[in-house]
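Undergrad: Place chain B on chain A using the hints.
Number of protein chains: 2
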Amino acid sequence: MRLPNYLEGVLRSECAVDGDDANLVLERMVQGSRFKSQLKAVMIDGVALGGFNLVDIDALHEAIGVPVITVTRDPPDLGKMESALRKHFSDWERRCEVLRRKELWEVGTGHKPILVSLAGLGHAEAEEIIKKSMVRGAVPEPLRVAHMIASGLAKGESKGKA
Amino acid sequence: MRLPNYLEGVLRSECAVDGDDANLVLERMVQGSRFKSQLKAVMIDGVALGGFNLVDIDALHEAIGVPVITVTRDPPDLGKMESALRKHFSDWERRCEVLRRKELWEVGTGHKPILVSLAGLGHAEAEEIIKKSMVRGAVPEPLRVAHMIASGLAKGESKGKA
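Sequence order for the protein chains is A and B.
For what it's worth, my numbering labels the leading residue of the first sequence as 1, then goes sequentially.
For what it's worth, my numbering labels the leading residue of the second sequence as 1, then goes sequentially.
One chain only, chain A, in its complex shape:
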């Protein structure tokens, strides 16, 4: 998306629910895309794709050479997530480390603040990108539109918010 809200392209891929291929899938999407050279930042809705398939945004940034921003609207319950990980995943320590490594940082929006974590760019630059990407309400357009597309495909008609 060209900010604030001009859609330039749509990419689709798949990762395994609760798997560990989130980084690989995102890396392949970016590296294989004809939009790669124009990308200034990759924005992700939270750090988990498909259950507990977690994105290590530092590793992703290193692999693709493009800054990565996660955005979430509600503070995650890390304690609850950690006990779920301990119970169900043999590699829970690695997953917990990914969850806890990055600082969540609040960005004011004029509505409810959002929480972001960053890899490869500073707070000031990230805040500029995020604020430029908001058209109505507090959800950056790239995430609002991506959610709408994914939700429309899965359900036949888009529902809910990014």
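Since the hints were derived computationally from the structure, they do not count as laboratory data.
The reader is advised that the hints may include incorrect statements.
Any copy, or any two copies together, can satisfy a pair, since identical chains are not distinguished.
[Claimed, not checked] In silico DSS-like links for lysine-lysine, alpha-carbon gap of 27 Å or less:
(1) K159 with K87
(2) K40 with K161
(3) K36 with K159
(4) K36 with K155
(5) K87 with K40
(6) K102 with K36
(7) K131 with K80
(8) K40 with K155
TA: Below, chain B without anything else, positioned relative to chain A:
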């Protein structure tokens, strides 16, 4: 889409290649949508969905009570289409009648003009809607974005133009 380019929702459905369910599928999508009451017009990229599955826009307008606009960039070769229909479809007369019934009307865009056909609204109103929907180039945003989504889904990355 709220004009010029604010995406409000995404709907997905399927119709049969060369089938005759295009009208039924579009009618169900619109009638079943929570956006129905806000719709001012339905815009379609040409009159054929999936091969020769043709939309009868007069019947669609009658069924949904919302104006319908088709947009195409190149003049169709009606003679060639008619001979393909005669050759492959037992109901070719009905399909040819749908193809030929509506006048194609040219709308200037500042680039190459586009061709439109209308059901349920007049030229002046249609021209206002179409011009308001163009952000860059000569393709109305709802069609440009819908094409990008469908193409991204089918191919993994969007390509080509609506």
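Undergrad: If a hint holds in the structure, say so; if it doesn't, say that too.
TA: Each hint, compared with the structure:
1. K159 with K87: neither (32 Å within a copy, 44 Å between copies)
2. K40 with K161: both (24 Å within a copy, 24 Å between copies)
3. K36 with K159: between (30 Å within a copy, 14 Å between copies)
4. K36 with K155: Classified as between; 17 Å across copies, 30 Å inside a copy.
5. K87 with K40: For K87 and K40, neither the intra-copy (38 Å) nor the inter-copy (52 Å) Cα distance is at most 27 Å.
6. K102 with K36: within (25 Å within a copy, 43 Å between copies)
7. K131 with K80: For K131 and K80, the Cα distance exceeds 27 Å both inside one copy (31 Å) and across copies (52 Å).
8. K40 with K155: Answer is between; shortest inter-copy Cα gap is 24 Å, intra-copy 31 Å.
Hint compliance for this structure: hints 1, 5, 7 are broken, all remaining hints hold.
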